[in-house]
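Start from chain F and add chain E according to the hints.
So the protein lines, in turn, are chains F and E.
Heads up, the first sequence is in the working numbering, so the first residue is 1 and it goes up one at a time.
Heads up, the second sequence is in the working numbering, so the first residue is 1001 and it goes up one at a time.
It is possible that some hints are incorrect.
Stated by the list, open to error - A short, non-exhaustive set of chain F residues, derived as facing chain E with CB atoms under 7 angstroms: (1) D74; (2) A77; (3) L139.
In case anyone wonders, no lab produced these hints; they're calculated from the structure.
Predicted, not measured: the structure shown is a model, and the values here were computed from it.
C-beta atoms are modelled at their ideal positions from N, C-alpha and C, and glycine is treated no differently.
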Amino acid sequence: MLLKVENLQAKIDEKQILKGLNLEVRAGEVHAIMGPNGAGKSTLASVLAGRDDYEVTAGTVDFDGEDLLELAPDERARKGLFLAFQYPVEIPGVSNKLFMQTALNGIRAEQDLPPLDMFDFDEYAKDKIELLNMRDDLLERSVNVGFSGGEKKRNDIFQMALLAPKLCILDETDSGLDIDALGLVANGINTLRSPDRGFIVVTHYQRLLNYIKPDYVHVLYNGQIIKSGGFELVHELEEFGYDGIVQQHEQAQ
Amino acid sequence: MTDSAQITELNSAGTQYQEIDSLLSKNKNYKEGFFTTTTVETFAKGLDEATVRAISAKKNEPEWMLDFRLKAFNHWLTLEEPHWAKMLYVPLDYQEYSYYSAPECSACDGSADSAENEIDPEVAKAFAELGVPLTGEDSNVAVDAIFDSISVSTTKREDLLELGIIFCSFSEAVHDYPELVQKYMGTVVPYHDNFFAALNSAVASDGTFVYIPENVRCPLDLSTYFRINEAKTGQFERTIVVADKGSYVSYLEGCSAPARDTYQLHAAVVEVVVLEDAEVKYSTVQNWYPGDDDCQGGILNFVTKRGLCEGKNSKLSWTQAETGSAITWKYPSCILKGDNSIGEFYSVALTNRRQQADTGTKMIHIGKNTSSTIIAKGLSAGRSENTYRGLVRILPSAEGARNFTQCDSMLIGNQCGAHTFPYIEVENATAQVEHEATTSRIGDDQLFYCKQRGISEQNAISMIVNGFCKDVLSELPLEFAQEAEELLSLSLEGSVG
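For reference, chain F alone in the conformation it holds in the complex (with noise of 0.2 angstroms):
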């Protein structure tokens, strides 16, 4: 079992968004999380990344062994988790390059493999850059400094990319994607999927799960998943909207 939420709870500034919320994600599965807004799909991420702004007031996390809760955001990571982020901040004065060698032999250092010195680097980086057709110059520049929403969020999967981490958590990654950048997303999503690794692919809107197509379906609402399913309930989401699902589930308490 890769992930495990048992009950999870949490707040931010007293006020409560996640309200027991259960999810089990095993390596190889992509599962889809959709939700209207203010459901809490945006906190499940932050609180699963680590970000302090958010309190846990009840329920466990278990992450491929470890409990999650007792680790600080870059522990997370090295272990192998990833956020690509809502709205991907910039880092100016420091290099694309820079910033990803230091995380990748941080990782690696956790793996217990050797670091990978500029020229080494540069070869592993090259065929992701293809992948997700960056610009040649991608490595000197500033961290998303002048990058596009959409170039920014492309970054932030070919850090996924070269980072190959365990549990992918993908945030809203769609908002604000054109076609084609969505195409590239999606695609360099698709070629990250294996039998070692997981993504929980958050989102409002069913047009990424098109591409990606997902294994199991969360509909989120309210701090909690009232109802799961297989990618059927996509199209269900279609017929009903959200609006529909959560009578249903109303109804049926």
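Just chain E, lined up with the frame of chain F:
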């Protein structure tokens, strides 16, 4: 109204910066904060004509030097302490400081060759602790070690003298090379230049005198390390560097002071003269005690540093990494008099907690085809105020002058300030002046982004800060560059983990 009342409390809006603020406010380990207990002779506090005479007498100075001091002192009495910089400080009570303090040792009267003296063991220990080599065994650097008001050791002097290079304490130069000192002292920074220059000229303690003869390339880096020790004293270093025609020297300055409860005063004057075809590279890593969390007890650093590129094709480069002091007021400048002369200023100024810095440069273009480059990086954190103040002045005679200025500010957290006051005065239409400025911020978001990629907090800040300062740090001599990088990280971290 006290400065602390005037400095308004800023509300830490939201949780966004809490993490970064708490990270930066942890007690910094100023490892140089120890003080040395040894027998010292310290003048009673207070400053009047008798004090000036006593300092001169203590150093056994010739008449002309005493005259210089007295003229400066009398002029100083007519001046008012300046407060035009963007900093708040309570006007100093100059009667509350002692203007001379030196460790007692056999011939520490300033006239004897200090290299022959026995260094007070406690003082030697202090310099050892600071990593300053006093015995001349460290091969690449010659050192002049200044402890409060006197130079206690100057290494490698004889070796350098064989090449005709004079490297000695200022006090010694006054005795041993009076013609040279009289020729250059006060020519670049006259005693009436400003309030602190006048004060310094009156009560100058010690500093370094460097003279590089014609066509000699100084084989070693020359350096001075200034150590303030005694409480409630002022240190007024006076340094002169002269590079004769065709010569080259790289000079480094380092400093530190003990952690004290009350403010300590440092008012220095540095004059550099660069003759035809000569080059001087002057690097400073300033790490004066910045004070406690409110900067109480920190050094008040008022410095006048100026270089005259007198000859054709002369070049002067100022490189500085400023991380300490409660207050920093300094504008290393270049007067580009010689045709084709070049002036450069590379600076990283970091302020944290409640430090205040108003620093920058002046490039005065007088000769033909002169050029200047200014790259100033300011990092503000905590509740500090970091100001860049620069002047690029192109006189009518400066045909074909060129200047490039880049000043970048980085704000760390949300309670600090970064300010820029660039003055550009052009009186010749053939001039080309470029000015670029950027402002950026490190917030919790950037730090979290780095952490989520597996990079620790410490490494993230270090990476971001060093990336920002790269252009400047690469101009520092190798040993200094490393020290400066570490200092930057240390000044921002405190004890993490």
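Do the hints match the structure? See the list:
1. With a cut of 7 angstroms, the hint placing F/D74 at the interface with chain E holds, because the nearest CB-to-CB distance is about 4 angstroms.
2. Look at F/A77: its Cβ gets to within about 4 angstroms of chain E, closer than 7 angstroms, so that hint holds up.
3. Taking 7 angstroms as the C-beta cut-off, the interface hint given for F/L139 is violated, the closest approach to chain E being about 14 angstroms.
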